[in-house]
Amino acid sequence: MASDSRSADHPRSAPDARVTRRLAFLITGYEPLPPEKQHARFVREIGRFETTWGVKAKVSEAEGLDQPVPRWTVETVAPGWTVDTELRLFDWHEVVAADFSRTEPRRILDGVMALADFVLTGTLFRYARCNFRYALFFLYPLVLLGLIAAAGIYSGIWYAGKAHTAPLLGFPAGFTVSWILYRLVRNRLFLAYILDDWSFARDLVRARRPDLDARLDQFAASIIEALATTKADEVVLIGHSLGAALMVEVLARVLEQRTGATPQPAETAPQSESTPPQSAPAAAQRPLALMTCGSSILKIGLHPAARRLREDAAVVANNPKVFWVEYQALVDIINFYKCNPVREMGVKADRLPEVRTVRIRNMLKEETYRRFRGDFFRMHRQFVMGNERRYHYDYFMILCGPVPLETRVLSPDAAMAAVCAEGAAAAPVAGAAS
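Residues 1 to 434 (UniProt numbering) are what the sequence shown spells out, left to right.
The set of hints was computed from the structure by calculation and includes no laboratory data.
Heads up, the beta-carbon is just placed ideally off N, CA and C, and yes, glycines get one too.
Incorrect hints may have been included.
What the hints assert, rightly or not - Taking lysine to any residue and the SDA-like style, the derived pairs with C-alpha atoms no more than 20 Å apart in a straight line are: (1) Lys365 / Glu45; (2) Lys365 / Lys348; (3) Lys37 / Arg18; (4) Lys37 / Glu86; (5) Lys56 / Val43; (6) Lys348 / Arg373; (7) Lys37 / Lys338; (8) Lys338 / Arg133; (9) Lys231 / Arg18.
Said to hold, decoys possible - Have a look at the derived ranges for each label pair, beta carbon to beta carbon: (10) Arg343 / Lys58: 36 to 44 Å; (11) Glu36 / Lys56: 17 to 25 Å; (12) Ala151 / Ala228: 54 to 62 Å; (13) Arg183 / Lys162: 19 to 27 Å; (14) Arg183 / Tyr140: 12 to 20 Å; (15) Asp350 / Ala97: 34 to 42 Å; (16) Thr229 / Arg183: 50 to 58 Å; (17) Lys56 / Ala149: 54 to 62 Å; (18) Ala116 / Arg286: 41 to 49 Å; (19) Asp350 / Asn187: 40 to 48 Å; (20) Arg286 / Ala97: 31 to 39 Å; (21) Thr368 / Thr82: 23 to 31 Å; (22) Val43 / Arg343: 36 to 44 Å.
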């Protein structure tokens, strides 16, 4: 298990604390999945959680499916504990769907321009310095496009050599070959998705998405409103993949509005934590738990133009009421394994997120793992899917279990023992300390 030190005065949950009511906010990754399908996926995956842990979980119908923040509740019952969870989802599928609807020529042009941006600004080399595997993931679409272009050029030259009477036909022949190859692999090898994803990342870095900013403001406002009235024992904010970067931005807005503070430049040292905020509302004193998993924070934050994200990360990292954990996995090539996002971005912060590594193999049955280990998107999504084996990282136990996230992170063995002692303990625990 990888860990990064935190300041000694960071608030700690009481060892015997138990959660009976939890309020959770979720931002998923870059996918055009409408909230009704997000809810259906949640219901499907929580079924695995029930089987794995021997608990009963009752999921309500989703409410507000036509609103910016849909929600649903979960009642989880096991021997010795019951937890009521309310989950509120940031719905941004329409933003992603708009990207997916662009024409293929526009998709290719935007994607290539975005990839070139990350290369020419030196961001690719920062990826390689932090995590060489992520740099290879970045190069994946460039290699595919290069092979497609090379096949077209070779075919065009070959055809021009054969067509002695009309050698200029080599150009359309080569273009046709490249176009056919692209159409064959664009979905099968995720090329179209990855091009859209990098185009969006470039827009996010350069603050070119006012449509998204408006939704993030709405989500931040909904969190502030909920914090003022909730009676939950724990409030958890979860960001997966690109949603992790968005959740950092949202939480920074929440903290700034709750305390009346202004954004602090990432390049300057934070103000003293002993100085209380001016006119902070009562809700501002509530501890918050932030979990980023399989995150793409560094995908955005290592770009020199991503100043806003770095400033937001400083706001979040230096707030004494926020406990931040980042979960990473070696087999997930879409995250930055064993990299502390705040440190790697060069943010001057006295407080760092806890970094924990997990073994996805220990979450799944062996046959399931063997079937999906070559599907890097499936490995990436496992962070927010149901486990088939008991393990210290379990997305649904974090959402629906009785142990606070901070206790689970800082004392994983004790947390596992507590859950197994109070719930059904027939199934073995896979690598509780891995």
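Going down the list of hints, with the structure as the test:
Pair hint Lys365 plus Glu45 holds up; C-alpha atoms about 15 Å apart against a cutoff of 20 Å. Of the pairs offered as hints, the one joining Lys365 and Lys348 is violated, with about 42 Å between alpha carbons and a cut-off of 20 Å exceeded. Among the hinted pairs, Lys37 with Arg18 is inconsistent with the structure: their alpha-carbon atoms are about 31 Å apart, more than 20 Å. Pair hint Lys37 plus Glu86 holds up; C-alpha atoms about 18 Å apart against a cutoff of 20 Å.
Of the supplied pair hints, the one linking Lys56 and Val43 holds, its CA atoms being roughly 12 Å apart against a limit of 20 Å. In summary, the hint linking Lys348 to Arg373 is not supported, as the alpha carbons are separated by about 37 Å, beyond the 20 Å threshold. Distance hint between Lys37 and Lys338 is unfulfilled; the C-alpha atoms sit about 32 Å from each other, more than 20 Å. Simply put, Lys338 and Arg133 have alpha-carbon atoms about 12 Å apart, close enough for the 20 Å limit, and the pair holds.
The suggested pairing of Lys231 with Arg18 holds, with an alpha-carbon distance near 14 Å, which does not exceed 20 Å. Between Arg343 and Lys58 the Cβ separation comes to about 41 Å, which falls inside the hinted range of 36 to 44 Å. Checking the proposed 17 to 25 Å range against Glu36 and Lys56 shows it holds: the Cβ atoms sit about 24 Å from each other. Taking the beta carbon of each, Ala151 and Ala228 are about 59 Å apart, inside 54 to 62 Å as hinted.
Between Arg183 and Lys162 the beta carbons are some 24 Å apart, a value that agrees with the proposed interval 19 to 27 Å. Separated by about 18 Å at the C-beta atoms, Arg183 and Tyr140 satisfy the suggested range of 12 to 20 Å. Taken as a hint, the range 34 to 42 Å holds for the pair Asp350 and Ala97, whose Cβ atoms sit roughly 41 Å apart. With their beta carbons about 52 Å apart, Thr229 and Arg183 fall inside the hinted range of 50 to 58 Å.
A hinted range of 54 to 62 Å holds for the C-beta pair Lys56 and Ala149, which are about 55 Å apart. Between Ala116 and Arg286 the C-beta distance comes to about 44 Å, which sits within the given range of 41 to 49 Å. In this structure the supplied range 40 to 48 Å holds for Asp350 paired with Asn187, their Cβ-Cβ distance being about 46 Å. A hinted range of 31 to 39 Å holds for the C-beta pair Arg286 and Ala97, which are about 35 Å apart.
Between Thr368 and Thr82, the C-beta spacing of about 30 Å keeps the proposed range 23 to 31 Å intact. Between Val43 and Arg343 the C-beta distance comes to about 38 Å, which sits within the given range of 36 to 44 Å.
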